[in-house]
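**Q** Chains as they are written, first to last, in the numbering used here: chain A, 1 to 157; chain B, 158 to 658.
Rather than coming from a laboratory, the hints here were simulated on the basis of the structure.
We put the beta carbon where it would ideally sit given N, CA and C, even for glycine.
What follows is a set of in silico ranges between Cβ atoms, one per label pair, in the way DEER data are often shown:
1. Glu-35(A) - Phe-210(B): 32 to 40 Å
2. Trp-397(B) - Val-127(A): 36 to 44 Å
3. Val-354(B) - Val-127(A): 33 to 41 Å
4. Phe-288(B) - Leu-25(A): 40 to 48 Å
5. Leu-643(B) - Val-127(A): 53 to 61 Å
6. Asp-159(B) - Ala-95(A): 52 to 60 Å
Facing chain A, a subset of chain B residues (Cβ under 7 Å, in silico):
7. Leu-380
8. Ala-551
9. Ala-554
10. Ala-567
11. Ile-573
12. Gly-587
13. Cys-588
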Amino acid sequence: MTPTLAIRRALKDILAGSVFIAFGLFFAVVSTTYEVGSPLNMGPGYIPLVLGGILVLLGIIVVAKGLVAGEGETIGTVPWRSAALVVVAVVFFGATVRGLGLVPALFVATLLSAFAGHRAGVIPAVVIAGGLTMLCVLIFVVALQLRVPLIGPWIPV
Amino acid sequence: MDLLGNLGLGLETALRPENLLYCLIGVALGTAVGVLPGIGPTATIAMLLPITFNFEPVSSLIMLAGIYYGAQYGGSTTAILINLPGETSAAVTAIDGHEMAKQGRAGPALATAALGSFFAGTVGTIVLVLFAPPLARVALSFGAPEYFSLVVLGLIASIALARGSLLKALAMIVLGLLLGTVGQDTYTGTPRFTFGVRELFGGINFVSVAVGMFGVAEILRNLEDEQTRTVMVKKVQNLWLTMKEFRSIAAPVLRGTALGSALGILPGGGHILAAFASYSVEKRVSRHPETFGHGAIEGVAAPESANNAAAQTSFIPLLVLGLPAHPVMALMVGAFIIQGITPGPNVITDEPALFWGLIVSMWVGNLFLVLLNLPLIGIWVKMLTIPYRVLFPAIIAFAVIGGFSLGLNAYDVYAIAFFGILGYFLIKLGCEPAPLLLGFVLGPLLEDHLRRAMIISRGDPSVFVTRPISLTLLILALGALVITMLPAIRQKREVVFKEEV
Numbered sequence: 001m002t003p004t005l006a007i008r009r010a011l012k013d014i015l016a017g018s019v020f021i022a023f024g025l026f027f028a029v030v031s032t033t034y035e036v037g038s039p040l041n042m043g044p045g046y047i048p049l050v051l052g053g054i055l056v057l058l059g060i061i062v063v064a065k066g067l068v069a070g071e072g073e074t075i076g077t078v079p080w081r082s083a084a085l086v087v088v089a090v091v092f093f094g095a096t097v098r099g100l101g102l103v104p105a106l107f108v109a110t111l112l113s114a115f116a117g118h119r120a121g122v123i124p125a126v127v128i129a130g131g132l133t134m135l136c137v138l139i140f141v142v143a144l145q146l147r148v149p150l151i152g153p154w155i156p157v
Numbered sequence: 158m159d160l161l162g163n164l165g166l167g168l169e170t171a172l173r174p175e176n177l178l179y180c181l182i183g184v185a186l187g188t189a190v191g192v193l194p195g196i197g198p199t200a201t202i203a204m205l206l207p208i209t210f211n212f213e214p215v216s217s218l219i220m221l222a223g224i225y226y227g228a229q230y231g232g233s234t235t236a237i238l239i240n241l242p243g244e245t246s247a248a249v250t251a252i253d254g255h256e257m258a259k260q261g262r263a264g265p266a267l268a269t270a271a272l273g274s275f276f277a278g279t280v281g282t283i284v285l286v287l288f289a290p291p292l293a294r295v296a297l298s299f300g301a302p303e304y305f306s307l308v309v310l311g312l313i314a315s316i317a318l319a320r321g322s323l324l325k326a327l328a329m330i331v332l333g334l335l336l337g338t339v340g341q342d343t344y345t346g347t348p349r350f351t352f353g354v355r356e357l358f359g360g361i362n363f364v365s366v367a368v369g370m371f372g373v374a375e376i377l378r379n380l381e382d383e384q385t386r387t388v389m390v391k392k393v394q395n396l397w398l399t400m401k402e403f404r405s406i407a408a409p410v411l412r413g414t415a416l417g418s419a420l421g422i423l424p425g426g427g428h429i430l431a432a433f434a435s436y437s438v439e440k441r442v443s444r445h446p447e448t449f450g451h452g453a454i455e456g457v458a459a460p461e462s463a464n465n466a467a468a469q470t471s472f473i474p475l476l477v478l479g480l481p482a483h484p485v486m487a488l489m490v491g492a493f494i495i496q497g498i499t500p501g502p503n504v505i506t507d508e509p510a511l512f513w514g515l516i517v518s519m520w521v522g523n524l525f526l527v528l529l530n531l532p533l534i535g536i537w538v539k540m541l542t543i544p545y546r547v548l549f550p551a552i553i554a555f556a557v558i559g560g561f562s563l564g565l566n567a568y569d570v571y572a573i574a575f576f577g578i579l580g581y582f583l584i585k586l587g588c589e590p591a592p593l594l595l596g597f598v599l600g601p602l603l604e605d606h607l608r609r610a611m612i613i614s615r616g617d618p619s620v621f622v623t624r625p626i627s628l629t630l631l632i633l634a635l636g637a638l639v640i641t642m643l644p645a646i647r648q649k650r651e652v653v654f655k656e657e658v
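Take these sequences, add in the hints, and give me the full structure.
**A** As structure tokens, then:
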């Protein structure tokens, strides 16, 4: 088997392993900036350092195992547009709910998510977002008394 | 007798009108999310957890528990009617249940599922009542080393029963443990991995992790390919069983219940395993194994009883040890903590009304579920006509409001997006999110007990192997790891989990 084939076959494992190695390295390196301490008196950095090391090791084994005996499954399609819209929707809500208030922030967030679906028309998306916003206001503000302004200070009334 | 007194206290608590109402809301919601594909009890409980903050502790736990076991009922309804298991544990039910529906016997199949589940739920509750108090007494004698070993055993056992690659599951646990270390160190107050963000001092919000990994990631998976669900449901008739059918399900229900009660206690996907195991047991003992897969009523009765019994008994490790057996139980830990109660052996003695009220409510909830699922079956089937393009923006709306309302904190909402994307790609790469969530919840516990044990033993790590209970637990953990790595067992494990697709 040619090397490129082996890599393609192991792609899933290589990527998964790399994620683990990256996270492990991140936690291990950053934890050295805290007091590590000794087994008797463990500092705040001790356990993250050890666990980070273990994660790097596991990541390497995942990659190695993939190269030796990869499953060969393809990753499949990734709905990039939908993923981006969902992330933007969630982040938008977090960033603006205090400033704009619940109603505008939620309306925009649900509108953006509605567009993440397939063949989402403008009118259905607006209807879905409007309906959901009303429903959530009823459930969370009227019934459950969540303390969030409906219209926030950024919008002059 | 003490037991009767306790049950009396439980009845009194569970039958208070407001608790009955929360129980009903919980099981109805659970049935709904069990029926709806694309949203499960884990994401639902995570989203609703923040709003339970203002509830009475016992009401909140009764409702959240109801969502969990209610979802087991709802999942079987869709499995039978449209061959689409709403929950993984209902996948086995679909094999024979949907076949029965195709033959026009949907009514008896649904009745079998509901009655089997009710019987199993009742027995599961009794098992809880009988075994939880003595186990809690044992657990009270546990010190830091025992707890450390126990958490290790729980984490290892959870991957033994998980699907997919063991190695990746192990790495996911470690990643979860690491994410659990974010925030202020309890011993020194040093903020770790917070990079000056004050909102992170209390740690990453576990609601965000759960909602992201189980809610948002699942949405992205569903958006991968265009799916149009066609609901073809004929009117379900004859929701009762003939005498002959009653006789043929009696033994499978009993066997399924026994198997489920035992496997439910195990960490990991005990209820999923129970459903699969009981199906193959029935197939083996049946005099007509050839009918399995072609609408055998035993093939519905046994797994349905097994998964519901297991759903009840999986509360045992949570209630007596504070150790969650699977992600839903990990969220229940969170529900306890929000209410200012540390789950563990002390709950029985410190909060008897809550403990017994919760247990009795599960039996009451099972009764509600039979009523909700048989006469009102039409309502749940109607829910399947809700198009996904309406459903998933709704999930996102609930997720962001839920994430925000816990601490009125924007970072909790950003974390949902982060863990949604991370979870989605990890799932794509063959890594299940469940071990990560367990690791995340148990991480602080593991670190705390480890550090305390080391201080007690003056830095001598042999403390874990010189104390008998701790040693036993560690040997069990090692055994579980070795057994799952044996080639023969591994093949079996793959076969068991492959059937569900």
